[in-house]
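Chemist: For reference, the chains in residue letters:
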Amino acid sequence: MYLATHELKANKGRYGLVILILFLIAYLIYFLTGLAYGLASDNRLAVDQWHANRIGISQYANSNLAASTLGPDKINLANLKPTQAPLGEMAAVVNKVGSQKDLNATIFGIQFDSFIKPKLIKGHQVTTNHQVVVDERLGNGTVKVGDQLHINGSQASYHIVGLTRNNLYGTLPVVYTTLGTYDQLRYGSARVKNVSGIVYQRASDVQQIKGIKNLTPQALITHIPGYSAQNSTFSLMIGALFIIVLFIVGIFMYILTLQNISVYGIMRAQGISNRTLITSVLDQSLILGVIGIGLGLIANQLTVLILPAGIPYANNLMLVALFSIGLLAMVVLGAIFSVRQILKIDPIRAIGGTA
Amino acid sequence: MSVLELKRAAKTFKSGDTETQAVQPLDLTVDAGEFIILTGPSGSGKTTLLTMMGGLLTPTSGQILLNGQDLGRMKEKQLSQVRFADYGFILQSSNLIPFLTVDEQFRLVDRLNKKSDEAYEAELLAAMGMAGEKQSKPNQLSGGQKQRVAIARALYNHPAVIFADEPTAALDSERAAQVVQTLRDQAKEHHVAVIMVTHDDDLLKAADRIYNMVDGKLKDVESLGRS
Ligand SMILES: Nc1ncnc2c1ncn2[C@@H]1O[C@H](COP(=O)(O)OP(=O)(O)OP(=O)(O)O)[C@@H](O)[C@H]1O
Ligand SMILES: [Mg+2]
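Protein sequence lines, in the order shown, are assigned to chains A and B.
Residues 1 to 355 (the UniProt record's numbering) are what the first sequence spells out, left to right.
Residues 1 to 227 (the UniProt record's numbering) are what the second sequence spells out, left to right.
One thing to keep in mind: the hints can contain errors.
Now the stretches of chain B that chain A is said to cover, found in silico as 3 or more residues with beta-carbon under 8 Å [stated by the list, open to error]:
(1) 50-62
(2) 73-86
(3) 99-108
Here are the simulated DSS-like pairs of lysine-lysine, each with C-alpha atoms no more than 27 Å apart in a straight line [to be verified]:
(4) A/K9 to B/K134
(5) B/K219 to B/K188
(6) A/K81 to A/K193
(7) A/K81 to A/K119
(8) A/K101 to A/K144
(9) B/K75 to B/K114
(10) A/K12 to B/K137
(11) B/K77 to A/K344
(12) A/K9 to B/K115
(13) B/K205 to B/K217
(14) A/K344 to B/K14
(15) A/K117 to A/K96
(16) A/K344 to B/K75
(17) B/K137 to A/K9
(18) B/K219 to B/K7
(19) B/K115 to B/K75
(20) A/K122 to A/K144
(21) A/K193 to A/K213
(22) B/K114 to A/K9
(23) A/K144 to A/K96
(24) B/K134 to A/K12
Computed footprint of chain B on chain A; a stretch qualifies when at least three of its residues, placed anywhere within it, have a C-beta under 8 Å from a C-beta of chain B [said to hold, decoys possible]:
(25) 3-16
(26) 258-271
It is worth saying that the hints were derived from the structure and are not from the lab.
Each residue gets a CB set at the ideal place from its N, CA and C atoms; glycine is no exception.
Full structure from sequences and hints, please.
Modeler: The structure is reproduced here in structure tokens:
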């Protein structure tokens, strides 16, 4: 540490540059991670809130809830326990009554006595077909209990009787309606008894029904159109940044070591062991890494404070910790390239002063 | 009493098909406290010889004995221990670490030694006339000052032998003579052997023995019968 810190202090300019680059990359990685995680969360928050065991959907739907329709021959609504919850899902555009502004939403038609009924932060649960519960983020927080909505240009209006939090699906706020309203909106009549799927709370609730494929919640989410594509895009970007860090640190430390080779030669002649020299280089990289990555994290968290509400950013402590350690590992790994340089210093050049 | 003994020690460099016999098999005995000067034309093998004796290069054949111990049989870890504890180096551009102050050069030694002797440091620096420069970085010192600090640093570990490869090459002749005189005085006082390479004939009078190296052979031993 003694050598490492003294050398860093003596060459603030050069090492400052390494820190700056590490800072920028770390900042970018943390930001992308938050966005990726936020976007992923916005796809799945509503599903996560169920804490369900399985979701059964049509085997012809290619695991995509939106493409699944189950008729009364498959799911008989009258015979279900509250832990076996029918679910109708559809995309919708809603307007507040009196407003032309179109708001994108996901409709979940449910039975309000089933276990997937939303947790409310305000108001009460739906009791009739013309009532809805909506996520507080609908219209970026402009809706209130007591407002009325048109859904998909409907003549009828629906009263908002309750608000719920963190109920998003496919990145859109969820509007909870009765199954009757759902079938009315989707199939033109509340007498149609179609649903999209059935959500089972526990393993013991799961039924094996011909034509129905039972998915884990994770599998359901993964098959939300775009979800996997988004995630792999982000993963690729973040992965590429990790490799870039490896190379940048590797190249920088290599150049700095080369410039210092005569100093290492002197130290070697003085009997300072290779181990001390190598530890010094690794310590240096660790110090640079901790400062650069730490600053990146701080700047990232400061940016989050001023981020507009519409941007799907979410912190995940585990990912942040994991990527911090990963980045640090890349930094140290990069520095290891230089160790070879130190080990093969030509002693004659070191002593002869031509190094 | 001899501290360093070379027995048929030789070094051959191989690169591809070409072999360079940088040091021919040679015998040499260095006595404790002796001041030896090595001269000779460029490329004659002086640095190679010094580097071998200094435990930084293993001889291709022969033996190098430090207090009876064969350096050729030591692992790199032991060799670096020898260089640290038994040797001092003064190089052309000084042996100072550029990013440490004069004082910190000694503290680094202390950290590796796990003991400190600031009184001895002060004594050495005072003897070199460098007591006032403890907080200076090497680049704030003149060439002569740097070499004086380098001498103090080399002596600090109580070495048996100090190796100096053209330590005055960067100095004018007056300063060169002063530095070599100080090196000789201090080495004599602390009973340290010095093996110094130089091209400067004016400095030869500091030596107890002078060797002339030509084509890897130690030729023309001039024993001045001094000391
Ligand atoms: N690593 C090496 N590989 C091959 N040949 C080398 C190597 N190091 C030195 N030599 C050769 O060994 C010979 C002796 O070199 P050395 O540096 O010992 O000479 P020197 O007497 O110190 O010269 P100078 O007075 O110029 O410093 C030269 O011919 C040199 O080219
Ligand atoms: Mg030389």
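Chemist: For the region 73-86 of chain B, do three or more residues have a beta carbon lying closer than 8 Å to a beta carbon of chain A?
Modeler: Coverage by chain A holds here, the residue count being 8 at a Cβ distance below 8 Å.
Chemist: Given the hinted pair B/K115 and B/K75, is their alpha-carbon gap at most 27 Å?
Modeler: 25 Å, holds
Chemist: Regarding the pair B/K134 and A/K12, is the alpha-carbon distance no greater than 27 Å?
Modeler: Within the cut-off at roughly 22 Å; holds.
Chemist: Tell me if the straight-line CA distance from A/K9 to B/K115 falls inside 27 Å.
Modeler: Given that 27 Å is the threshold and the Cα spacing comes to 25 Å, the pair holds.
Chemist: Mind checking, does the region 258-271 of chain A have 3 or more residues with a CB under 8 Å from chain B?
Modeler: holds (count 8)
Chemist: Does the structure keep A/K344 and B/K14 at a Cα separation of 27 Å or less?
Modeler: 16 Å, holds
Chemist: Given the hinted pair A/K122 and A/K144, is their alpha-carbon gap at most 27 Å?
Modeler: 9 Å, holds
Chemist: Holds or violated: are the alpha carbons of A/K9 and B/K134 at most 27 Å from each other?
Modeler: Distance ~18 Å between A/K9 and B/K134 Cα, so the pair holds.
Chemist: Are the Cα positions of B/K137 and A/K9 separated by 27 Å at most?
Modeler: 13 Å, holds
Chemist: Sort out whether B/K137 lies within 27 Å of A/K12, counting only the CA atoms.
Modeler: 15 Å, holds
Chemist: Mind checking the alpha carbons of A/K344 and B/K75 for me, to see if they're no more than 27 Å apart?
Modeler: 16 Å, holds
Chemist: Hey, B/K219 versus B/K7, does the alpha-carbon distance stay inside 27 Å?
Modeler: Distance of about 16 Å is within 27 Å: holds.
Hint compliance for this structure: every hint is met.
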